[in-house]
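Dock chains B, C and D against chain A, hints included.
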Amino acid sequence: MSSKGQKMGLRSWLDDRLGVSAVFGFLRDKKIPQHRHSVWYYTGSAILLFFAIQMITGFMLVFYYNPTLEGANTSVARIMTEIPLGWIIRSVHSWSASFMIAFVFIHLLSIWITKAYRKPRELTWISGVFLLLISLAFGFTGYLLPWDDLSLSATKVGTDIPRSIPVVGVWVTRLLRGGDDVTGDTLTRFFGFHVSILPLFLLTILAVHIYLVQKQGMSVPVSDEKKGKKLKELPFWPNFVYREMVVWLILTGILFSVAIFFPPSLEKAADLMAPAPEGLRPEWYFLFLFQMLKIFPSKILFINGDTIAVLLILLGIIAFFFLPLIDSKPAEKKGKIITAAAYLFIVFAVAMSLWSLLS
Amino acid sequence: MSSKGQKMGLRSWLDDRLGVSAVFGFLRDKKIPQHRHSVWYYTGSAILLFFAIQMITGFMLVFYYNPTLEGANTSVARIMTEIPLGWIIRSVHSWSASFMIAFVFIHLLSIWITKAYRKPRELTWISGVFLLLISLAFGFTGYLLPWDDLSLSATKVGTDIPRSIPVVGVWVTRLLRGGDDVTGDTLTRFFGFHVSILPLFLLTILAVHIYLVQKQGMSVPVSDEKKGKKLKELPFWPNFVYREMVVWLILTGILFSVAIFFPPSLEKAADLMAPAPEGLRPEWYFLFLFQMLKIFPSKILFINGDTIAVLLILLGIIAFFFLPLIDSKPAEKKGKIITAAAYLFIVFAVAMSLWSLLS
Amino acid sequence: MKLKHSLFTRRQFLNGILGGWFGALAASVLYPALKFVFPPTREPDQVILPFSDCEDMKLNTVKNFPWGSKPGLLKKNDDGSYTAFVAVCTHLDCNVTYLSDQRKFFCACHDGWYDESGTHIGGPPPRPLRRLILSIEGEDLIIKREGVE
Amino acid sequence: MKLKHSLFTRRQFLNGILGGWFGALAASVLYPALKFVFPPTREPDQVILPFSDCEDMKLNTVKNFPWGSKPGLLKKNDDGSYTAFVAVCTHLDCNVTYLSDQRKFFCACHDGWYDESGTHIGGPPPRPLRRLILSIEGEDLIIKREGVE
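Protein chains in written order, with our numbering: chain A, 1 to 359; chain B, 360 to 718; chain C, 719 to 867; chain D, 868 to 1016.
By construction, these hints were calculated from the structure, which means they are not laboratory data. None of the values given here were measured: they were computed from a predicted structure. Note that the Cβ used here is the ideal one computed from N, Cα and C, for glycine as well.
Negatives, chain D to chain A, calculated, CB over 12 Å:
1. L874
2. C921
3. K925
4. L926
5. K930
6. P933
7. T957
8. D978
9. E983
10. S984
11. E1004
12. G1005
13. D1007
14. E1013
Keeping only pairs whose Cα atoms sit at most 27 Å apart, straight-line, the calculated DSSO-like set for lysine-lysine is:
15. A/K299 with C/K788
16. A/K333 with A/K30
17. C/K862 with C/K781
18. A/K268 with C/K788
19. C/K788 with A/K294
20. A/K215 with B/K574
21. D/K930 with B/K627
One side only, chain C facing chain B, incomplete, derived with CB under 10 Å:
22. L736
23. W739
24. P750
25. F754
26. V755
If we strip away everything but chain A, and leave its shape as in the complex, we get (with noise of 0.2 Å):
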């Protein structure tokens, strides 16, 4: 009686206090069908670890990183050499941060193809591209702190993109640049958005699609529901807890592997007036967007290309978003056409990118 009574008590007095219980109750009958893709429902987990890891080490790094002309590649270097372990502390952030990502494409891919994106569940994927953007901003300016003249010309095309959408587009550079051009300022900048701004929007967004996911309970393939027969069920605690747990164990041991053994690099501190180094390539996940802007003609009847072009992936973000508006169909029914477009989009990703490593 004694101490299982006071822990009873324990439970209840927080309870009263807390209301807890409720979310207890719900983790506690949760269920997770079991169908021939349920692998996918790891995937969403799979990011959060490599999340817990980017704001750990992230933390980390940010004691002793720079965020100035002058100091940001020797505090790299610092860190790299002088401070105890350091190499190991930005290798696994630097492969975490592509392991998120490509989980992030692959938990929105999966999605996709599965139309598990709706009704009811519109409003969970428009929160899922919102983070995918997040994620790619954290990319992108994390690329530029060590700052190198690899990181230095993809900024300077990065930001200078957004300058061919009209009206607001020279604002959106200017702000993202701090100025006309790239400086030290940038640096700062990207820094600032890096370690303070991007990691509260993306915390606040994370929370609201979380709770949808708990809210919609998982979504069920539409092969797999139409059989009509009730699917299998495997109980959320503890069963599929564990079988997370050791999917999480696995990739841990992975990444910390490859980050051992395949820690980034450090080029020589950028010149803000040397020429573009060649070889010039963004990270992997910005690949097939470079390279699309590399092979646009330069003019198309009478307009800049790269107006086009960034028009045209400017639509495509815009219909990604709004694809559970655009295909609002009933959750059961098929469509063909939406799944020949994700592999349509895979294939064309993977395409592009080859031919930009490889040329």
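Frame of chain A; chains B, C and D shown alone:
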């Protein structure tokens, strides 16, 4: 029908997905009790106002501030002289910090004196004390950032204080300083705490705190509760919110006026090798602790005086923290000793602060 | 409640006052915020180089000089005259380099090419390189932005 | 489920494996994290000053020198001998200054006083100023931490 019907349609569409009608319903039905201590109910939203101002101005300052030995003082000077209207932004950030902490003190003292922390609000109080400590940590880390002589010495003293705590103290000092001494690394680290780590902690605990306040409703002071008669009530929406807005407008007006007419100064850059300046003083909210350390004898019996002073302060914080467990009487009972302790604390803090200011 | 002879209800009046107040406040807050976030960037009106530094340049070579926060390139042409460019690609803002052997300017970011007079001849650049106006006054080589007297 | 001849249930076994795995992982993550967050700080073992710089100091004056990231003070005593201190107050780490006219070291932070030999004589400091060990070798004044050979 059409426009209103569409509006209803959108609302129910959103509600089907977000499930926020419960929240709106709650806020629509929420009532604020009216009595002669109602004025303290406005301190909470005043804190939120100042915190929002801190976030916005902080995001802006981060665009230009350099957290390095060479850059800190120069970049603040640049913000003050070169960046358009930068001096106002810095002044508002600095003053709003003081206003916010003043209101946090008032908020907690009013709750202390009216015994609003009693059952079932124990966790609300404890989360509130956490928020106080985080706010003070914001103030302490922010004070160093302009990197002038006074702020350097204040930081040396402040980060040396934990060293008096047996066993763990020296590690706390090293964690704060990034080494055994205050150096440029300390500055970089304090910046990381100030702009990246503390905001996430504060927002998380703030969310819990606000949730708890809503869940438990407004507390009514002991003196008004035991009269037994039903109190007048004010609907939260729109009556109370409108009154809060008026309070916000007045406070914003005062803040901006003070910020414009009394911008904080900037002394010349700190020199790690220079002797401590005379007239060293921390921010006003640390004055009473500072004075306490100053007047403590160097040895009491065989023990280091500082160790005793620091342990006393720590004991005070812990007692403050667990106040609802120390005074666990039912909500309707009087508590003369607790009230007396509150007034005693106020008199002590004011007296010590004045002593420090006038000596 | 609507008073006799009043054009507004009390609610409208209060909403108007409060809304106007908020609007004015928001504008007075937004203005300094925007000023702060978008500081004016000044491209220099002119840059002065000592002419002696450029006199002994070989034909068909270039010399770097800082044009504000951007690089500038001073080119000595085959006839001994000088031309100055802002050495920034008109496509997406990368810094260009001059390849003496090919007599072309080259931007490595997206394979942009310009001929020796700065005209775009290959790749994505939509416009020629920006030219600056040169004059020699005494010992000084004065490089001006177009449109500056 | 408990197998025949097994000391554990399957649950115990799995919990043990998973828990041990997590524990090992946590430790292997915590170690580099702590190493990184608490880097070793090296106080210098010795500092070498050219003796010529200090030779012509007046009696009863001090000279600053950097002792790692802290200031050091080299004091010329009345008998012409030298003493070196770490010029940091033993109370709460503020830098002290030497007041020649009063023949005292003074810390402005909390009114701490030391006499000219570094002994604490007033205010909160609990210990005398830290002394460093001086030796002269040829042209060099060598200042060593106590305990360093």
